[in-house]
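So the sequences go chain by chain: A and B. Each residue of the first sequence is one higher than the one before, counting from 420 in my numbering. Each residue of the second sequence is one higher than the one before, counting from 118 in my numbering.
Take the hints with a grain of salt, since some may be wrong.
To be verified - When the alpha-carbon atoms are kept at most 25 Å apart in a straight line, the in silico SDA-like pairs for lysine to any residue are as follows:
(1) B/K119 <-> B/S143
(2) B/K159 <-> A/S426
(3) A/K476 <-> B/N213
(4) B/K159 <-> A/G459
(5) B/K159 <-> A/A473
(6) A/K476 <-> B/N144
Just so you know, these hints were derived from the structure itself, not from any lab.
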Amino acid sequence: GAGVSQSPSNKVTEKGKDVELRCDPISGHTALYWYRQSLGQGLEFLIYFQGNSAPDKSGLPSDRFSAERTGGSVSTLTIQRTQQEDSAVYLCASQPWGRSYEQYFGPGTRLTVT
Amino acid sequence: RKEVEQDPGPFNVPEGATVAFNCTYSNSASQSFFWYRQDCRKEPKLLMSVYSSGNEDGRFTAQLNRASQYISLLIRDSKLSDSATYLCVVNPTGANNLFFGTGTRLTVIP
Numbered sequence: 420g421a422g423v424s425q426s427p428s429n430k431v432t433e434k435g436k437d438v439e440l441r442c443d444p445i446s447g448h449t450a451l452y453w454y455r456q457s458l459g460q461g462l463e464f465l466i467y468f469q470g471n472s473a474p475d476k477s478g479l480p481s482d483r484f485s486a487e488r489t490g491g492s493v494s495t496l497t498i499q500r501t502q503q504e505d506s507a508v509y510l511c512a513s514q515p516w517g518r519s520y521e522q523y524f525g526p527g528t529r530l531t532v533t
Numbered sequence: 118r119k120e121v122e123q124d125p126g127p128f129n130v131p132e133g134a135t136v137a138f139n140c141t142y143s144n145s146a147s148q149s150f151f152w153y154r155q156d157c158r159k160e161p162k163l164l165m166s167v168y169s170s171g172n173e174d175g176r177f178t179a180q181l182n183r184a185s186q187y188i189s190l191l192i193r194d195s196k197l198s199d200s201a202t203y204l205c206v207v208n209p210t211g212a213n214n215l216f217f218g219t220g221t222r223l224t225v226i227p
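With the sequences and hints as input, model every part of the structure.
Pasting the structure below:
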């Protein structure tokens, strides 16, 4: 079946511009996570959505970052006024209900801020 | 202190060798532990869970030492296809998310 998809696969933007990254999770998966991975760094948790519950935004690094999940499916991560330190690979993962360890990752969006 | 710490490597080993990776975690209340594998410029994928009693999946053996807050992964009879970065992952009790180590890079040499 179809896995997690993300778009765009690559994004180059100028400092100060806003960007939107999209994630299509696996159908039926109730949980969705956003992470980012910088060169040589581990995955950094950003935000978590579970069903209709309020999202866990505890990992968002600043108020320039926000995310939505519409209809319990597609999610969009928005970064406003991008900075060079935002350059990273942004990974989305979805997870079946009740299996907190089994996260299925998308291929990621490589964001470069110039 | 980081939630999860790993030796970044790199580990360069010949085919057929046995190699072991270690990882420590800081939250003693953590209950769930995993190893993920990440190939170059690809997404992470679950390799195996780590159980208290230790567990084995083919050539891969995972062990947990709760007293020392230490997790290990042993790979026997290394194959070229084992070349990847191995991520130690912890899910602290009550946490919604997984905490990932920075990974240990393995290269298996012909």
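(Q) Given the hinted pair B/K159 and A/A473, is their Cα-Cα distance within 25 Å? (A) Not OK: B/K159 and A/A473 at ~30 Å, beyond 25 Å, violated.
Q: Take a quick look at whether B/K159 and A/S426 sit within 25 Å of each other, Cα to Cα.
A: 15 Å, holds
Q) Straight-line Cα separation of B/K119 and B/S143 no greater than 25 Å? A) Holds, at roughly 7 Å.
Q: Could you grab the alpha-carbon distance between A/K476 and B/N213 and see if it respects the 25 Å cut-off?
A: Within the cut-off at roughly 11 Å; holds.
Q: For the pair supplied as a hint, A/K476 and B/N144, confirm whether the alpha-carbon distance does not exceed 25 Å.
A: 21 Å, holds
**Q.** B/K159 paired with A/G459 [C-alpha distance capped at 25 Å]
**A.** 14 Å, holds
Of the numbered hints stated above, the single one contradicted by the structure is hint 5.
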